[in-house]
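Peer 1: What follows is each chain in one-letter form.
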Amino acid sequence: MKGKVIDVTLDNVVGEVMNMKNDGQRLVSFSTYNAGEGKIGILYHFDKALENTHLRLVADMDKPIPSVSGVYFSALLVENEIRDQWDVKFDGLVLDFNRTLLLDPEVTKVPLANNLKIGPKN
Amino acid sequence: MATTVIPFGPQHPVLPEPVHLTLKVEDEIVKEAIPALGYVHRGLEKLCEIRDFNQMITVCERVCGICSMIHGACYSQSIEELMGIEIPDRAKLLRVIWSELHRMHSHLLWLGLFADAFGFEALFMQFWKIRERIMDINEATAGSRVIVSVNIIGGVRADLSPDQLRWILSELDIVEKEVRELQDTMMNDYTIKTRTVGIGVMTKAQAWELGAAGPTLRGSGVAQDMRQQGYGGYAFLDFEPVVETAGDCWARSTVRFREVLQSADLVRQAISKLPEGELAVKVKGNPPEGEVYHRVEQPRGECMYYIRGNGTKNLDRLRIRTPTFANIPPLLAMLPECELADVPVIVLSIDPCISCTER
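If you read the protein sequences in the order shown, they are chains A and B. In case it helps, this note's numbering puts the first sequence at residues 1 to 122. In case it helps, this note's numbering puts the second sequence at residues 1 to 359.
Calculated from the structure, these hints are not laboratory results. Bear in mind that the values here come from a model prediction, so they are computed numbers and not experimental data. For every residue, glycine included, the Cβ atom is placed at its ideal position computed from N, Cα and C. Check each hint, because a few of them may be wrong.
[Said to hold, decoys possible] Covered stretches of chain B (in silico footprint by chain A; criterion: 3 or more residues with CB under 8 Å from a CB of chain A, positions within the stretch not fixed):
1) 40-47
2) 180-192
[Claimed, not checked] Computed spacing ranges between beta-carbons, pair by pair:
3) Asp104(A) to Asn188(B): 19 to 27 Å
4) Ile34(B) to Asp60(A): 29 to 37 Å
5) Gln183(B) to Asp60(A): 32 to 40 Å
Chain A extracted, bound-state conformation:
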């Protein structure tokens, strides 16, 4: 994959993202993938002068992930999208659509996490 990849953890992801912001990096987006049983991989893609840097976080899907929307406001949409697609919760999301950014409230199956059913929305 083009660009430098830096591994991060739940404890330091917000700090590392803050470092990227202080370095003048632009947040391009996140990508997600299935990282094994009950785990999600998240790549935070950054850009500066067309050079790419990626932060890679592998986390449990059933535990909340610290939101970086307080650092980069633009992260709010992609974090809400991940919530829709994987039913992963984000701590501190500045605007939480509660899993209805793209999906209808009555949807009870998460599209990208196979065989994972979720309860009706409150």
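Here the structure of chain A is known, so what remains is to put chain B in place on it, guided by the hints.
Peer 2: Only chain B this time, still in chain A's reference frame:
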């Protein structure tokens, strides 16, 4: 002062596609805008699990009609990178020709819609009349006006004959002449300037921090265009991004207007450098295990593909981030403190494409 909540969309005269904004307004001044998406979500990324990597070109071309060529090219380039395939130079430049024709017809469509947003119907019709020549080129060369479907993994499936190349060049001369005739109106007309200058301003620092893309980013003075990376056939061409500095609706429309002329120049350059040779290389096997991150410049801005292969004919993951998705947070920053009457013009100034945003 009392706050009034005004629903904007999902159906609105200026919106070709559905998006909803909840506008909190005080005395005709917008104080807050909250978006609601999901009206045209199709779950196309999920299809990579059941469609093979060749069939996914057809899917990616339908992420967005008007950017279909560049979606197909971006997906093909990503798979080619994953599989270590080097495509022929002729195929690279043919992709550039169709991509830039797409950019031209997308911008011409948008310029017409933008004129329509502030009631300039004659200008709307002029831009769309010019656009028809590009659509005719697409139809004559690929058999379809919008979704040209020329990309395959390893190259392209269609060629351009010397007669077709000469005809494209002559059509481009007419298009450029007709576009230039509208330049003074688009940039200096009193009505247009009144509706666009100083409206929806976003500074250079805001645009960068909010992750804006494409003409929305370059209209705020940031000289960044993914074509500067020299991906595909762009490595053979001279290219400098079009930049305006005012950061308002006028600047964003001017970037697109100038990019129509720039794209015509890029098509001419690509035709002049088009070598003889094969259209595609043979591709054997499946995409190996691995991941690819690829970015291209679509008419609306930077588009990102992330692909994860697993050695089978299906992909583990296809992630697409389209430019409008990136431009929604900047839009939310542009709207506060604007007049309610300016909301349609500001919304349209990011050239929103909701079907590709939601995929």
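Peer 1: In terms of beta carbon proximity below 8 Å, does the stretch 180-192 of chain B have 3 or more residues touching chain A?
Peer 2: Check failed, 0 qualifying residues.
Peer 1: The hint says 32 to 40 Å between glutamine 183(B) and aspartate 60(A); measuring C-beta to C-beta, is that right?
Peer 2: Since glutamine 183(B) and aspartate 60(A) have Cβ atoms about 57 Å apart, the given range 32 to 40 Å is violated.
Peer 1: Using C-beta distances, would you say chain A covers the stretch 40-47 of chain B, given that this needs three or more residues below 8 Å?
Peer 2: holds (count 4)
Peer 1: Starting from the range 19 to 27 Å, see whether the pair aspartate 104(A) and asparagine 188(B) falls in it by beta-carbon distance.
Peer 2: violated, 47 Å
Peer 1: Does the beta carbon distance between isoleucine 34(B) and aspartate 60(A) stay inside 29 to 37 Å, or does it fall outside?
Peer 2: holds, 31 Å
Consistency with the previously given hints fails for numbers 2, 3 and 5, ordered from lowest to highest.
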